[in-house]
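Chain by chain, the residues run as shown.
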Amino acid sequence: MLTTLLLTTVSAWAVDHEVSGELGTLRNTDRAYDVYTSLNAMPSRGLGGTLALHERVGVTGGWHRSSRGSELYFGDDSPAVVAAFYTDTFDLGVKADVALGDMLRPYVQASGLLVRGVSRVDDDPSDPVSVGQIKEAGLTGGALGLAGLTLRISGDRINLPLGFSVHAGLGYGYVGRVDLGDLGTIKPGGGFASRAGLSLIF
Amino acid sequence: MPRTVPLLALLAGCGWNNLPAQENYYVDEPLWNSTGPIATSDGVYVELPAADALVLVRADGTWSPVDVGVGTLDRAPSPSPDGATIGSFITRIWCADGEVDHVYVEACPEDELEQDHDLLLIRDGAVGATIALDNPYNGLRWSADGTWAVALIEAGSRLNNAGGVVSLTTILFVDVASGSATSVPVGFAATDVLFDADASRAVVLSQSEVAVVDLTGGSPSVAITYGLTLDADDVVVPVGIELTPDGDHALISVEGDDSLYILDLVNPSVNIKALSGAPSAMAVNLGEDRTILVYGADARVDIVDHDGFDVDSVGLDEPMSHILDASDFSVLWSPDSRDVYRFQVTEGDEGAIAYSTTEYRLQSTPLSVYVSPDEQFAVALTAPGAIGGRYGMEILDLRSDGEGGWRDDVWPYALEGRGLGVAFALEGDAPQALVLQQDQDYVYQFDLMSAAATELGLSAPPRAIGAMPDGGFFVTEDVNTGLMAFLDPSSDAVVEAAGFATYDLLGQDLLLVEED
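Chains as they are written, first to last, in the numbering used here: chain H, 334 to 535; chain R, 178 to 693.
Okay, chain H solo, but in the shape it has when bound (with noise of 0.2 angstroms):
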């Protein structure tokens, strides 16, 4: 709605063709994911690019990867038992942004995703082929929508054929569960959602 909104109030657009490199954060309070740590959050690591198709709207991509784990101790004597979560979270949206001078860019994102968990449990990690490893995989979807902040300095200012930007958005994320097989189900985040990350701009 708020991408409605921008599109029907202002006149100026011009989305940038871009490829970033992007840190982002998932809120998780599933109690399945207490088993892999005891933050509330997915942080997450990824690339990311617009294509602007049209001079107010471009079409998003990206990919996502968090990663948490513990080491479970059961007893004075025992070993710890490694256990790992990993997601890889494919984005696919709508981008659109408005021109505050040539500099700041607020915009709004809306994406489609897809999400693949993986668990790894291992009892001895210092052995790649141990006996003792399980993994467990699932897929599932969500939803994430975004609004932020560009800032960008283009290729024609410097007198470069790139430019570079720094962005910054928040939003709110959904995912559903994903079966993880005999290790049971778990929810890959749901809730407030961030991103931010350095763009090369062309």
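Because the hints were derived from the structure by calculation, they are not lab data. No residue lacks a Cβ here, since even glycine has one placed at the ideal position from N, Cα and C. Treat the hints with caution; some may be incorrect.
Said to hold, decoys possible - Looking from chain H toward chain R, a few residues come up when the C-beta cut is under 8 angstroms (computed):
#, residue
1, Val464
2, Leu513
3, Thr518
Stated by the list, open to error - Derived Cβ-Cβ restraints for the label pairs, each shown as a range:
#, chain 1, residue 1, chain 2, residue 2, range
4, R, Ser357, H, Leu447, 50 to 58 angstroms
5, H, Tyr505, R, Tyr203, 31 to 39 angstroms
6, R, Glu289, H, Asn373, 26 to 34 angstroms
7, R, Gln199, H, Leu493, 34 to 42 angstroms
Position chain R relative to chain H; hints supplied.
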């Protein structure tokens, strides 16, 4: 490519040797009970304490969870002697505040939490019967043929978390075939239940009292009660009970008492025999039709005949505290003595009763002793001592020397690690001992006749060994995520099942049962 692929994998943070582990957690309960699996004809049942679950691991390496519903398994499941049924107690928690959307226990106000207790009878990897309990029973006793199960509250168990009023004088008889249950009032704090050979009656031992329960009627009922004291101020705590082979008498030893209580179950009466001390072990030998008693502080063995209940004594060189029963002899041993005795009742001159005692001298004190199924050998796992300072295994030859006596041969072996357990198999007529050693990832298979040995490799050091009903064996291995090997001694084949201990790893929180 050989360089770029690992680099990309590292950047992505994947691969088994660099799993992320930003935090440490300490978990109260293990993922699986590796020392208490239960072998049945279905496979091996394994308790998962952290997940409150039970899984069935099969000899072909497959496994599946047993659907016990939402609840907390109270303690290790109990198998029936015939191996056909597993009994398990479960506590189910529900919220009485009327809200239907509570999922977790902490979502319910504490004063609205309610508990129900069930006994689950499990067969073929599934719950066959669920018996609602009116008491938080936590102990199970079985008749030898598995037709009856008796639920009781184990002595010394804490009842702090049990809701409601708890009856301490009733036990529950369960007809396993029909699933019907009958509460039977017996004495205070019942500790043990024995069944006679045809399971037509049960003898229930409780504080200062013994009840005989008739099982032949429509429902179990107390036939007669024996008081063990005439003075209400005296508390008599029975610690051991045995039935004579004909089932006509029950012999009861008592905590801190030098007396042997003999209950005549046919013509109800109590006879008290004075012993030379409080026995440390008591066993009825079916072949000899006598009861054998040993005393941890007294170097003697007492023999009670089952006709007149006269007590004979035979002196030993050192006190014994354990009895292993064979068909017509007993093996006596103690963890505090290097002596092991083969003790047998024989016929002396002119038909008089005589006693045969063969002494075996070990190199080190035993940690555990096992008699082979053919009763020709005993295997003692010993403490570090004379055998090069290492843990040992000593083989005792229990066979006759052909001249009316018995061999006292002992063959000591130094083990690589502490002996954890022994199981026996037969290859043809040759008895085989399968020995587990701590931190050694193999099973030592030892031919007791020829002394030939082979090693059966495992993926990890073992924890426990047990026999399967089909003649095979299972070995639990020291892997937290669950690893069990199934051995076929005849072919040396080893099949392993792995990963079962992580079942429901993500669902370990206490859940509420939906209110009916």
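Going down the list of hints, with the structure as the test:
At its closest, the beta carbon of valine 464 of chain H sits 5 angstroms from a beta carbon of chain R; the interface hint therefore holds under the 8 angstroms criterion. Here the hint on leucine 513 of chain H is kept, as its CB sits about 7 angstroms from the closest CB of chain R, short of 8 angstroms. A least Cβ separation of about 7 angstroms between threonine 518 of chain H and chain R falls short of the 8 angstroms threshold, and the interface hint therefore holds. One distance hint, 50 to 58 angstroms for the beta-carbon pair serine 357 of chain R and leucine 447 of chain H, holds here, with the actual separation near 54 angstroms.
Against the hinted window of 31 to 39 angstroms, the Cβ-Cβ separation of tyrosine 505 of chain H and tyrosine 203 of chain R comes to about 35 angstroms, which satisfies the hint. The given range of 26 to 34 angstroms is respected by glutamate 289 of chain R and asparagine 373 of chain H, whose C-beta atoms sit roughly 27 angstroms from each other. In this structure, glutamine 199 of chain R and leucine 493 of chain H meet the distance hint of 34 to 42 angstroms, their C-beta atoms being roughly 39 angstroms apart.
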